[in-house]
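Use these hints to put chain B onto chain A, whose structure you have.
Going down the list, the protein sequences come from chains A and B.
Reminder that position 27 of the first sequence reads as 26 in numbering that gives the first Met the number 0, one-by-one numbering, no gaps.
Reminder that position 7 of the second sequence reads as 6 in numbering that gives the first Met the number 0, one-by-one numbering, no gaps.
Heads up, a few of these hints could be off.
Given that identical chains are not distinguished, each listed pair holds provided it fits within a single copy or across any two copies.
[Stated by the list, open to error] With a cut-off of at most 20 angstroms between alpha-carbon atoms, the simulated EDC-like pairs for lysine to aspartate or glutamate come out as follows:
| id | residue 1 | residue 2 |
| --- | --- | --- |
| 1 | Lys-38 | Asp-60 |
| 2 | Lys-165 | Glu-106 |
| 3 | Lys-165 | Glu-64 |
| 4 | Lys-165 | Asp-130 |
| 5 | Lys-149 | Glu-94 |
It should be emphasised that the hints constitute simulated quantities derived from the structure, not laboratory data.
2 protein chains.
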Amino acid sequence: MKSKTSFFVSLILLGLPIITSGADIKQSHDINYPNGWQKWASIAVSHRTDNNTIRIILGNDVAVEAARVGRVNPWPDGAILGKVVWKDIQLDNWEEAIVPGQFVHAEFMLKDSKKYSKTYGWGWARWVGQDQKPFNKGAQVCISCHTPVKDRDWVFTDPAQFPNIK
Amino acid sequence: MKSKTSFFVSLILLGLPIITSGADIKQSHDINYPNGWQKWASIAVSHRTDNNTIRIILGNDVAVEAARVGRVNPWPDGAILGKVVWKDIQLDNWEEAIVPGQFVHAEFMLKDSKKYSKTYGWGWARWVGQDQKPFNKGAQVCISCHTPVKDRDWVFTDPAQFPNIK
Chain A
0 MKSKTSFFVS
10 LILLGLPIIT
20 SGADIKQSHD
30 INYPNGWQKW
40 ASIAVSHRTD
50 NNTIRIILGN
60 DVAVEAARVG
70 RVNPWPDGAI
80 LGKVVWKDIQ
90 LDNWEEAIVP
100 GQFVHAEFML
110 KDSKKYSKTY
120 GWGWARWVGQ
130 DQKPFNKGAQ
140 VCISCHTPVK
150 DRDWVFTDPA
160 QFPNIK
Chain B
0 MKSKTSFFVS
10 LILLGLPIIT
20 SGADIKQSHD
30 INYPNGWQKW
40 ASIAVSHRTD
50 NNTIRIILGN
60 DVAVEAARVG
70 RVNPWPDGAI
80 LGKVVWKDIQ
90 LDNWEEAIVP
100 GQFVHAEFML
110 KDSKKYSKTY
120 GWGWARWVGQ
130 DQKPFNKGAQ
140 VCISCHTPVK
150 DRDWVFTDPA
160 QFPNIK
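Isolated chain A (complex conformation) (with noise of 0.2 angstroms):
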């Protein structure tokens, strides 16, 4: 009988990717995986170019319907930001754009006024890399570095205008 290993490096040699089920990736900072990110609609993006990446901000469905209509200072309960982090890079073929290269990390503002009350109404989450390990360094990595915006829900995203079309 195969190994598990064996059969991982079968995988491999056919070229199939690993997928990894979110239920076996373990806490970040006593928060589950939010299974299904990858699917959420967008609500921003920013490039930094003080440390040259290059984000979307995502959010679940209570974070779109509040960004939509700017109900945003408070984010409602229920709300979960999301902030998918890549090294910009050139594109090939237009090298004025500047365009997502190697992935860094998901990280994830979650809102619960009443669960995360200490955390100022927020659950601080991050996982990183393509393995998506989590980051258990403290949620207070997180709160110093959003602390310019204290006043704004602790967050720095704008939602961008989108038509108003349904």
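Positioned in the frame of chain A, the structure of chain B alone reads:
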């Protein structure tokens, strides 16, 4: 009985946004408005430093599934790619972050190798501004710009790497 105009004026005075139905929006290059694109998942992002715009590239389910597994040359029939374009601005609270300012337009490529065989397998459409005015200057305008990537099925976008998590 109130007129339609005074009804809308009342809505504005009440501070309610006017929401247009996608069904009311006219065709661009004989293509119907792709309702619901604001909730589509992301495929990539780009910051164009030559015309100071920042973009999210999103897709319908067919396009996103193809993008995630790299089945993009050719893209499958049924795929719709959307490019949502904003002028770029600096974020107030983090000046090194370039983020979306004024909404410019949303443009789409619809893959159907038979229906659109005369325009390289793609339908080309664009709707401009918050009121989504259809662009109807001819698909050739779009195609000319995309000619450098004709060997990449006419698509500039490299799908961003996402973690393989289900």
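I'd like to know which numbered hints this structure contradicts. Please list them from smallest to largest.
Structure breaks no hint.
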